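Trainee: Protein chains in written order, with the working numbering: chain A, 23 to 465; chain B, 1268 to 1428; chain C, 11 to 124; chain D, 53 to 216.
It should be emphasised that the hints constitute simulated quantities derived from the structure, not laboratory data. Remember, predicted model here, so these are calculated numbers, not experimental data. Some hints could be false.
[Claimed, not checked] Computed beta-carbon distance windows for the label pairs:
1. Val195(D) <-> Val43(C): 25 to 33 angstroms
2. Val69(C) <-> Asp207(D): 42 to 50 angstroms
3. Ala109(C) <-> Asp232(A): 33 to 41 angstroms
4. Glu1404(B) <-> Asn31(C): 37 to 45 angstroms
5. Glu35(A) <-> Leu22(C): 49 to 57 angstroms
6. Ile92(A) <-> Pro1359(B): 32 to 40 angstroms
7. Asp205(D) <-> Val25(C): 25 to 33 angstroms
8. Arg28(A) <-> Pro36(C): 39 to 47 angstroms
9. Asp205(D) <-> Pro1421(B): 32 to 40 angstroms
10. Glu35(A) <-> Phe90(C): 51 to 59 angstroms
11. Leu22(C) <-> Gly443(A): 58 to 66 angstroms
12. Arg300(A) <-> Phe76(C): 56 to 64 angstroms
13. Lys65(C) <-> Gly218(A): 32 to 40 angstroms
14. Gly197(A) <-> Pro53(C): 50 to 58 angstroms
[To be verified] Below, simulated DSSO-like cross-link-like pairs (lysine-lysine); rule was C-alpha separation at most 30 angstroms, straight line:
15. Lys214(A) <-> Lys163(A)
16. Lys211(D) <-> Lys200(D)
17. Lys224(A) <-> Lys65(C)
18. Lys1418(B) <-> Lys395(A)
19. Lys1355(B) <-> Lys1412(B)
20. Lys395(A) <-> Lys1412(B)
21. Lys1313(B) <-> Lys115(A)
22. Lys44(C) <-> Lys211(D)
23. Lys1313(B) <-> Lys262(A)
24. Lys199(D) <-> Lys44(C)
25. Lys163(A) <-> Lys222(A)
26. Lys224(A) <-> Lys122(C)
27. Lys262(A) <-> Lys1355(B)
28. Lys1412(B) <-> Lys115(A)
29. Lys115(A) <-> Lys1355(B)
30. Lys262(A) <-> Lys115(A)
31. Lys1355(B) <-> Lys1313(B)
32. Lys1355(B) <-> Lys395(A)
33. Lys146(D) <-> Lys44(C)
34. Lys200(D) <-> Lys44(C)
35. Lys212(D) <-> Lys44(C)
Note that the Cβ used here is the ideal one computed from N, Cα and C, for glycine as well.
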Amino acid sequence: MTRPFRIQQNAREGSLLVNMGPSHPATHGAVRIMLELDGERILNSEIEVGYLHRAFEKTCENRTYFNLLIYTDRLNYVSPLINNHGYALAMEKLLGIDVPERAKLIRVLLSELSRVSDHLTCLAAMAMECGAFTVFLYNMKAREFLWDVIEQTTGARMTTNFIRIGGVRADLHPGFKEATAAGLRETRAVLKDVHGLLDKNKIFLSRTRDVGVMSRENALNWGWTGPALRSTGIAYDVRKAFPFGAYDRFEFEVPVGERGDNFDRYMVRMREMEQSLRIIEQVVPLFERSCPRVAAAGLEPAAAVKASRSRRQEATVKLSPNLEGAERSVQSEILSSDRRYVMPAKEEAYTSIEGLIAHFKYFMTGHGIRPPKGDVYSAVEGGNGELGYYIVSDGTDRPYRLHLRGPCLPLLASLEELIRGRLVADIIPTFGSMNIILGELDR
Amino acid sequence: MEEKSDVLSDLAARVPGAVLETSAPLGDLTIVIRPESLFEVAAALKDGPGGFATLLDLTCVDFPDRPDRFEMVYHFFALSGLRRLRVKLRLPASEPAVASLTPLWKIADWMEREAYDLFGVTFIGHPYLRRLFMNEEFVGHPLRKDYPWRKRQPVIPLRTP
Amino acid sequence: MELVFVFLIVGLLGVLLLSMNALLGPRRRVTPVKQSPFECGSPPLQEGMPSFPLKYSLVAFIFLLFDVEVVFFFPWALVFKEMRATALVVMLAYAGILAAGFAYAWKKGALKWD
Amino acid sequence: MGLNPFQAAWFTTTLNSMLGWGRKYSVFHYPYVTACCGMEYMSAACAHFDIDRFGFGWTRFTPRQSDLLLVVGTICQKQAPILRTVYEQMCEPKWVIAFGACAVSGGIYDNYAVVQGVDRVIPVDVFIPGCPPRPEMVLDSLVKLQKKIQKTDQDWRWKKKATS
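Could you put the whole structure together from the sequences, leaning on the hints where they help?
Mentor: So, in structure tokens, the structure goes:
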């Protein structure tokens, strides 16, 4: 039998020990909360994690820098593009390369879309667990529209690995403006409804107001970052504190709560969604100026195939800029110009021997991206807080060590303190408002 | 960077002889300290003018070929000055042990349990040093370089489909 | 005569309902794990159940008491029209005694929760 | 002993198909959600793609009341005994769907921590490939499960124990 847990060792006589186990709807699937109860009051609790420990860091030590991009999607799987962005920035800091203008704008657009869908999912789960099932359905509907924009450009709804080292995989889809406008309109409508449903809702207020209160010093001591820290009143946002990518170009506020309880965490996330929508609105018009020609001139692909059946075609084929690595002209705007660390454009790879060798060496084991020896720490504002990558490289094409600073670990570690002495029903909103994502906590 | 020097000078004043090297690779201020002086350095950083109120991250890197095998890496963050500091210390391979920071920061509890679980570094003074991620009966520490990548230790006998 | 039919139908219905489970149900595979309580899948932390705090059962008794009291209001309400004054006096006495009991329970702290 | 009416093939087959028809349109499922596929399960279960149209609407979070165990996401070694207990505490007849590449075969996580496929822990009826699978694939797998439910015949209590 396993060694008894701390909660079993010093459990008081006659108190009920119960599991709020890994497969509980409120614990998002893989956290085991062991409770010592006197009736409904929680005397003591202990949290056991590790049910979703998928050996991310060990796997990264055996993958090349390019291949482990897919694992970064699955860390905070509610906002995957922000993880990609974090990893790409860390690598660019290590390699010392810069990213062209348009790639930075695309990264900001997709990261903010991903952040809004992260907050929508978190608040949906929290509201549903407090009984407001309508909010869950509304948020999921709005999220579908945002995922349409992401899917249109990156090809996948969630696990995109679209933001690469040195830029982005391909240009935006020509129809991204209408899709983004639809997404924004839908999300704004849902936000207005949810404000109406929850803000002054007596049940929701009594479940969340002054429940799970955290003071500022305590939050800093616990290492809290992100919306949870901002709900206690400290305006620390990595996008403002250490501006990365193109974030210093857009003006947006950092919403702050005052009491640090569940309701403030809910309100900070709602305000933050509006700020992210504001950023998206500021980004979209910038795309025209940076690359006026959306689709390259030339023959439609289908027409080109049909025409080439009868006789050889000389005209260039008009490819959608959203196609991966198409022409050198599109490539130069979305990927950095440093040839050593960037995949050559398909046009070069298929027409010149140098391009072919560059393409081959880029993906050949032992030859791909080989950063200089050294270590780097770079952080990004994830959905739940500061998402930091600490990469130690030893010059080969595989990271010697890759550690992720997950913002959810401090949040869950402090849960024991937040719920001691409260009722069992208070665990659910506290756990929900902190948005514990096991992918980045257990790694 | 002028404020870099005042953090180090204050540190040298409070804990003489602790800091072995200082460097700033890629702009991140890094200091390497002697393992025994970790607690004093951490306390000095927390209460000192630098105001490093948050222990951002604590992790371990395994260098099997070096005499001092385990390198513990601490990241501190000062909210007031918006500064980050990386503190490194090296532990011998035989029995890697270092002072626990739980009296100073509550989050150190879980981060140290994770380092103990995945690397086998013991923390003196830790209230409840137990595996955080792997299950109790797991043998070995998976993130060490000598642990094979796919060596599975199933908790229950698995059935062949 | 029709009494026989009534008993016949009721009896048949009863037997049918009782045997429905055996007739249509699948074969039950009873394993020790299936018998153990469901604790979100994880092994239970303690053997058996400790005694429940008394306040739960106390609230249940009090509720039962006043719920049964309310049942007697229904026939009283039906017949109230015919016997107007006497019905009122009788019911007031009946409700008064029970209200006294309720006040006693309240003052004794039976309803105090935590 | 002679062929009593209950043993007659005609009687049991109609009863089987009647039961199958009744069961397949009201399946209560237990979403055993652990990882990223949970996000895709949410969008499949909600208004846009809506598994309720196929009768799978009622999510029951207790194995006692559910017929279908929907294993969504990565199952780690530490999670395997939990999954086995939940599966055994479900009442017959019960079905299992492995949702997503990690549940089907361990997916991209071939390392010391992940069970390489849920069928190493419990018997699985329908596998859904994809990481995460698109909601349409989820709906398609539900229809496949309904065909399977229609065809599974009931092991009647009063019938001789044909199989072991």
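Trainee: Is 56 to 64 angstroms a correct range for the gap between the Cβ atoms of Arg300(A) and Phe76(C)?
Mentor: Roughly 57 angstroms apart at Cβ, these two residues keep to the hinted range, so it holds.
Trainee: Take the C-beta atom of Leu22(C) and the C-beta atom of Gly443(A), compute their distance, and say whether it sits inside 58 to 66 angstroms.
Mentor: holds, 59 angstroms
Trainee: Straight-line Cα separation of Lys224(A) and Lys122(C) no greater than 30 angstroms?
Mentor: holds, 24 angstroms
Trainee: For the pair supplied as a hint, Lys44(C) and Lys211(D), is the alpha-carbon distance within the 30 angstroms limit?
Mentor: Distance of about 24 angstroms is within 30 angstroms: holds.
Trainee: Given the hint of 32 to 40 angstroms, check if Asp205(D) and Pro1421(B) actually sit that far apart at their C-beta atoms.
Mentor: This hint holds: roughly 34 angstroms between Cβ atoms.
Trainee: At the C-beta level, are Glu1404(B) and Asn31(C) separated by a distance inside 37 to 45 angstroms?
Mentor: Once the Cβ atoms are compared, 43 angstroms apart, the range 37 to 45 angstroms for Asn31(C) and Glu1404(B) holds.
Trainee: Hey, Lys1313(B) versus Lys262(A), does the alpha-carbon distance stay inside 30 angstroms?
Mentor: Since the Cα atoms of Lys1313(B) and Lys262(A) sit roughly 24 angstroms apart, the hinted pair holds (cutoff 30 angstroms).
Trainee: Can you tell me whether the CB distance of Val69(C) to Asp207(D) sits inside 42 to 50 angstroms?
Mentor: At roughly 46 angstroms between Cβ atoms, Asp207(D) and Val69(C) fall inside 42 to 50 angstroms, so the hint holds.
Trainee: Given the hint of 25 to 33 angstroms, check if Asp205(D) and Val25(C) actually sit that far apart at their C-beta atoms.
Mentor: Given a distance of about 27 angstroms, which is inside 25 to 33 angstroms, the answer is holds.
Trainee: CA of Lys212(D) to CA of Lys44(C), is that 30 angstroms or under?
Mentor: Holds - the C-alpha atoms of Lys44(C) and Lys212(D) are around 24 angstroms apart, at most 30 angstroms.
Trainee: Quick one, are Lys163(A) and Lys222(A) close enough, alpha carbons at most 30 angstroms?
Mentor: holds, 23 angstroms
Trainee: Under the criterion that the straight-line Cα-Cα distance not exceed 30 angstroms, is the pair Lys1313(B), Lys115(A) satisfied?
Mentor: holds, 28 angstroms
The structure shown violates none of the earlier numbered hints.
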